[in-house]
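Line order of the protein sequences matches chains A and B.
Its first residue numbered 10, the first sequence is counted upward by one per residue in this note's numbering.
Its first residue numbered 531, the second sequence is counted upward by one per residue in this note's numbering.
To be clear, the hints were calculated from the coordinates, so they are not data collected in a lab.
Note that the structure is a prediction, hence the values are computed from the model and not measured.
Be aware that a few hints might be false.
DSS-like, lysine-lysine: derived pairs with alpha carbons at most 27 Å apart [to be verified]: (1) Lys44(A) <-> Lys848(B); (2) Lys754(B) <-> Lys208(A); (3) Lys810(B) <-> Lys848(B); (4) Lys926(B) <-> Lys33(A); (5) Lys311(A) <-> Lys926(B); (6) Lys959(B) <-> Lys297(A); (7) Lys959(B) <-> Lys33(A); (8) Lys848(B) <-> Lys168(A); (9) Lys160(A) <-> Lys848(B); (10) Lys44(A) <-> Lys926(B); (11) Lys874(B) <-> Lys16(A); (12) Lys168(A) <-> Lys845(B); (13) Lys810(B) <-> Lys16(A); (14) Lys845(B) <-> Lys208(A); (15) Lys845(B) <-> Lys260(A); (16) Lys260(A) <-> Lys438(A); (17) Lys168(A) <-> Lys296(A).
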Amino acid sequence: MQLIFEKSVPGRSGVRVPLSDVPKASPFPDALRRKEPVLLPEVSELDLVRHYTNLSRRNFSVDTNFYPLGSCTMKYNTKVTENAGGLFAGCHPFLPLLPGGERLVQGPLSLVHGLEQQLAEITGMDEVTTQPLAGAHGEMTGIMVIAAYHKARGDERRKYVIVPDSSHGTNPASAAMAGYEIVTIPTAPYGDMDLEQFKNAMSEEVAAVMMTCPNTLGLFNPHIAEICAIAHQAGALIYYDGANLNAILGKVRPGDVGFDVIHVNLHKTFGTPHGGGGPGSGPVGVKKGLIPYLPTPRVQRKGDGSFAVEAHPEGIGRVSDFFGNFAIMARAYAYITLLGREGLIEVSEHAVLNANYIMARLKGEYELPFDQTCMHECAFSASRQLQDGVHAIDIAKYLIDRGFHPPTVYFPLNVKEAIMIEPTETESKQTMDLFIDVMLEAARIAREDPEALRQAPVTTPVGRLDETRAARAQQVCCE
Amino acid sequence: MGYCPNTPDEIREMLAVIGAGSIEELFAPIPAELRAKSFDLPPGMSEFELMRIMREKAAAGGAEIVPFIGGGIYDHIIPAAVDHLSSRAEFYTAYTPYQPECSQGTLQALFEYQSVICRLTGMEASNASLYDGGTAVAEAALMSLRITERNRVVLDASINPLHREIVTGYLHGLSAEAVEVAPDGCCSNLKRLIDSIDEETAAVVVQNPNFFGSVQDFSELAVKAHEKGALLIVSGYPIALGLVASPGEMGADIAVGDGQSLGNPLSFGGPYFGFIATRKRFIRNLPGRIVGETIDNQGRRGYVLTLQAREQHIKRHKATSNICSNQSLCALRGLIFCASLGKKGFEELALLNYDKAQYAKSSLAGVKGVSVMNAGSTFNEFTLSLPKDAAPVVEKLLASGVAAGVPLGQYYPGMDNALTVTVTEKRSKAEIDRLAALLEEALCS
Chain A
10 MQLIFEKSVP GRSGVRVPLS DVPKASPFPD ALRRKEPVLL PEVSELDLVR
60 HYTNLSRRNF SVDTNFYPLG SCTMKYNTKV TENAGGLFAG CHPFLPLLPG
110 GERLVQGPLS LVHGLEQQLA EITGMDEVTT QPLAGAHGEM TGIMVIAAYH
160 KARGDERRKY VIVPDSSHGT NPASAAMAGY EIVTIPTAPY GDMDLEQFKN
210 AMSEEVAAVM MTCPNTLGLF NPHIAEICAI AHQAGALIYY DGANLNAILG
260 KVRPGDVGFD VIHVNLHKTF GTPHGGGGPG SGPVGVKKGL IPYLPTPRVQ
310 RKGDGSFAVE AHPEGIGRVS DFFGNFAIMA RAYAYITLLG REGLIEVSEH
360 AVLNANYIMA RLKGEYELPF DQTCMHECAF SASRQLQDGV HAIDIAKYLI
410 DRGFHPPTVY FPLNVKEAIM IEPTETESKQ TMDLFIDVML EAARIAREDP
460 EALRQAPVTT PVGRLDETRA ARAQQVCCE
Chain B
531 MGYCPNTPDE IREMLAVIGA GSIEELFAPI PAELRAKSFD LPPGMSEFEL
581 MRIMREKAAA GGAEIVPFIG GGIYDHIIPA AVDHLSSRAE FYTAYTPYQP
631 ECSQGTLQAL FEYQSVICRL TGMEASNASL YDGGTAVAEA ALMSLRITER
681 NRVVLDASIN PLHREIVTGY LHGLSAEAVE VAPDGCCSNL KRLIDSIDEE
731 TAAVVVQNPN FFGSVQDFSE LAVKAHEKGA LLIVSGYPIA LGLVASPGEM
781 GADIAVGDGQ SLGNPLSFGG PYFGFIATRK RFIRNLPGRI VGETIDNQGR
831 RGYVLTLQAR EQHIKRHKAT SNICSNQSLC ALRGLIFCAS LGKKGFEELA
881 LLNYDKAQYA KSSLAGVKGV SVMNAGSTFN EFTLSLPKDA APVVEKLLAS
931 GVAAGVPLGQ YYPGMDNALT VTVTEKRSKA EIDRLAALLE EALCS
């Protein structure tokens with residue numbers, strides 16, 4: 010398909026700019042003016058609408074395809090929450106920062122506070138900040154809070170953050186951005202962080218341990234409380250990566266288990282759309298002793314029931330411009346309110362049921378490295394198919410031809426040829442059966458005609474793309 | 531309730547396949563003592579009841595206040611096509627395009643977005659978006675540390691103070707030094723900025739137009755920075771780039787900014803998007819996703835995520851940034867906004883902002899005791915000196931439904947009487963005239 014720039018015709022225009030109702034100003038000085046207009050495409054509105062409508066049709070999405078992308082929780086995004094998020098379009102975020110402005114924005118401020126309260130109850134934490142703009146941003150914020158906590162106690166020796174090798178890449182990257190060195194602990198044969206190696210790595214130089222629970226294999230770590238206790242004994246704090254919270258809503262609260270800090274991905278667990286790669290939202294919850302170090306400002310409820318924006322002087326400062334990705338937060342607040350207590354419990358129950366169903370039906374044909382009851386996702390390996398020269402990526406591409414978005418492949422890194430499947434709670438048995446049938450069919454083709462899988466996909470607008478060429482050419486914008 | 535479609539019969543069938551007696555049995559791996567001690571949330575409700583609550587909250591959101599405020603976030607027109615096209619579920623219910631063959635829609639759109647950002651900023655390589663303007667400035671500062679292998683950043687204090695706070699926090703975590711240079715009135719103090727660059731300086735960071743609304747030429751600063759081996763980072767306001775010389779034209783090495791004004795509503799603070807673009811030689815130091823052009827196995831043109839060896843999912847703690855999810859959908863809105871206006875419309879929009887602001891500037895400067903503080907040119911924001919503390923004046927005007935501007939006292943000690951006023955194309959002559967009348971009234975009483 011042509012680029013929008015290639016559809017440009019000199020002199021053509023789309024939207025009209027409003028007419029001026031003020032006198033023409035004296036010209037903007039030439040010395041400061043750009044030499045030529047920005048070379049934007051010149052297209053009619055219909056050209057534009059066709060172009061982007063047709064582009065959209067070259068995507069798989071939750072609304073068009075089953076999208077069992079492990080670790081991403083691609084659940085259905087309810088339409089009413091979309092409507093709810095759009096209601097605040099005209100609210101300027103600087104208003105509450107003006108003298109006397111808070112009283113004009115009590116609605117949105119009450120929503121920020123209300124969402125913080127909902128998330129605190131759901132996670133078992135004492136207070137929550139909504140400022141972080143995505144999961145990784147939440148991780149960095151959480152680790153900065155931990156750093157501030159240690160510093161305030163005069164404990165400056167701690168320079169390490171421990172992560173399991175199965176963790177999301179964002180965990181070590183976020184801790185590094187907060188100034189820490191990383192210690193990685195390998196996975197034990199039982200499918201989670203090796204406890205002995207962890208104990209050996211633990212010392213009074215460790216600031217924090219970052220855990221994902223259930224982990225990225227979809228397994229609940231039975232030693233998690235012990236890990237928390239060991240970390241605390243050495244004076245370290247323990248961080249909960251909330252990417253997999255969908256599995257345990259109403260069942261486990263990380264705060265009750267002993268975690269000190271958590272981030273929550275609203276775009277995963279709380280039904281806000283993924284937007285083709287964002288916007289996300291990554292609120293951070295903390296235990297009482299860490300509240301002073303949360304980012305500034307805080308939205309507080311005053312004695313008279315009104316809401317105020319208050320500076321938080323001991324905190325780590327500001328991590329984003331205002332109160333977070335507010336329209337995303339509004340969708341999550343609406344989602345939690347809509348589902349309520351019972352609805353949220355049903356979410357985790359059906360997410361776990363669906364994942365175990367897929368696991369049970371596929372484990373005859375696909376290698377299951379850790380054969381135990383999973384939580385919301387299951388991690389297979391294509392190692393059996395590899396014997397016929399078929400890789401996880403070939404199975405993924407075949408699924409595309411059959412109308413399914415592939416699961417996450419090659420993650421977690423501790424499983425060879427990983428295929429990580431997260432169906433979510435919103436999929437029906439019928440949809441999953443169709444997916445399972447195609448997965449079984451792929452396993453059969455791998456034995457009988459492996460080359461057919463290596464040629465997939467053949468039904469898409471483009472076939473397999475040359476990534477090496479892209480990296481070498483570095484053509485990242487239209488000339 | 532939870533949008534879970536499976537019926538009791540189907541649940542039984544599934545449990546039989548799994549070999550479990552109940553759903554609860556599936557949670558057996560979780561030790562009993564770790565179970566939730568509380569889950570005290572109200573029962574759910576219908577869509578209708580929910581929307582009643584949400585509408586009540588939105589109604590108390592200040593949307594009726596006429597905004598002459600910016601602070602980095604601006605009230606601009608949004609063509610109808612932006613909402614319609616970005617609301618295509620194929621765009622908004624997809625995720626990061628990990629599988630390019632079934633994600634060409636998102637990938638090509640992001641490639642077009644990167645192209646628009648390069649053209650706006652006069653740069654050669656853009657990523658696929660960052661979170662917002664403040665974190666974009668911070669990422670640019672970190673990028674300069676990597677490129678120069680130095681540990682000190684000079685920040686012009688006429689950068690948005692909210693952004694400065696974010697940058698300082700990011701640098702603090704890495705034990706890098708941030709040096710702030712106070713402005714000269716409402717302009718960047720070019721001489722002091724130049725004098726502050728030493729052999730340890732990774733970059734000097736400026737904003738154009740700055741927080742006071744002043745537009746300046748930073749070409750000489752670029753030359754001086756480069757002489758010392760430092761980079762120039764320019765934070766820009768994309769609507770202004772329809773008129774103002776681009777960071778690229780001024781010799782900047784990295785251009786950043788908040789893309790909100792390109793088709794994203796105010797929405798009480800987000801989601802917006804941050805943009806970052808640079809010279810091609812620095813492309814491997816960019817943070818976040820980048821889309822690149824390539825061909826498929828039959829020679830057809832297509833797009834993929836590229837140079838991923840910079841990123842956290844591969845490099846883990848050695849990545850250029852921790853960013854994973856960005857603000858893709860907001861960037862798409864920015865792209866559609868720019869393509870809707872086109873080459874001519876975008877320039878016209880910038881000129882309209884300039885004309886309206888110039889009219890407001892002269893009207894407000896006509897109020898007794900009020901003067902304009904900006905020594906040189908401005909775009910659509912300017913700073914007034916009032917004969918008294920600006921904060922109570924702003925508070926008073928809010929009661930009349932007008933947000934008159936941002937009083938600077940809380941951000942710049944000693945500037946209590948200063949008020950920064952923003953005038954976008956959406957402000958009518960009648961609204962500007964009313965602001966002048968209300969200001970006159972407030973100052974006389």
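Against the structure, the hints:
Of the pairs offered as hints, the one joining Lys44(A) and Lys848(B) is violated, with about 40 Å between alpha carbons and a cut-off of 27 Å exceeded. For the proposed pair Lys754(B) and Lys208(A), the alpha carbon gap of about 53 Å is over 27 Å, so the pair is violated. A C-alpha spacing of about 21 Å is found between Lys810(B) and Lys848(B), which places the hinted pair at or below 27 Å, so the restraint holds. Straight-line distance between C-alpha atoms of Lys926(B) and Lys33(A) comes to about 31 Å, which puts the hinted pair past the 27 Å bound.
Proximity of Lys311(A) to Lys926(B) is assessed by CA-CA distance (about 23 Å); at most 27 Å being required, the pair is judged to hold. Of the pairs offered as hints, the one joining Lys959(B) and Lys297(A) is violated, with about 52 Å between alpha carbons and a cut-off of 27 Å exceeded. Taken as a hint, the Lys959(B) and Lys33(A) pair is honoured in the structure, with Cα atoms around 12 Å apart against an allowance of 27 Å. Between Lys848(B) and Lys168(A) the alpha-carbon distance is near 16 Å, which keeps this suggested pair within the 27 Å criterion.
For the proposed pair Lys160(A) and Lys848(B), the alpha carbon gap of about 24 Å is at most 27 Å, so the pair holds. Simply put, Lys44(A) and Lys926(B) have alpha-carbon atoms about 43 Å apart, too far for the 27 Å limit, and the pair is violated. For the hint linking Lys874(B) to Lys16(A), the alpha-carbon distance of about 16 Å falls within 27 Å, and the restraint holds. With a CA separation close to 20 Å, the supplied pair Lys168(A) and Lys845(B) stays within the 27 Å bound.
Between Lys810(B) and Lys16(A), the direct Cα distance comes to roughly 26 Å. Compliance with the 27 Å bound is thereby established for this hinted pair. For the suggested pair Lys845(B) and Lys208(A), the alpha carbons sit about 26 Å apart, so the restraint of at most 27 Å is met. Simply put, Lys845(B) and Lys260(A) have alpha-carbon atoms about 34 Å apart, too far for the 27 Å limit, and the pair is violated. Distance hint between Lys260(A) and Lys438(A) is fulfilled; the C-alpha atoms sit about 23 Å from each other, no more than 27 Å.
Of the pairs offered as hints, the one joining Lys168(A) and Lys296(A) holds, with about 22 Å between alpha carbons and a cut-off of 27 Å not exceeded.
Of the hints listed earlier, those the structure fails to meet are numbers 1, 2, 4, 6, 10 and 15, in rising order.
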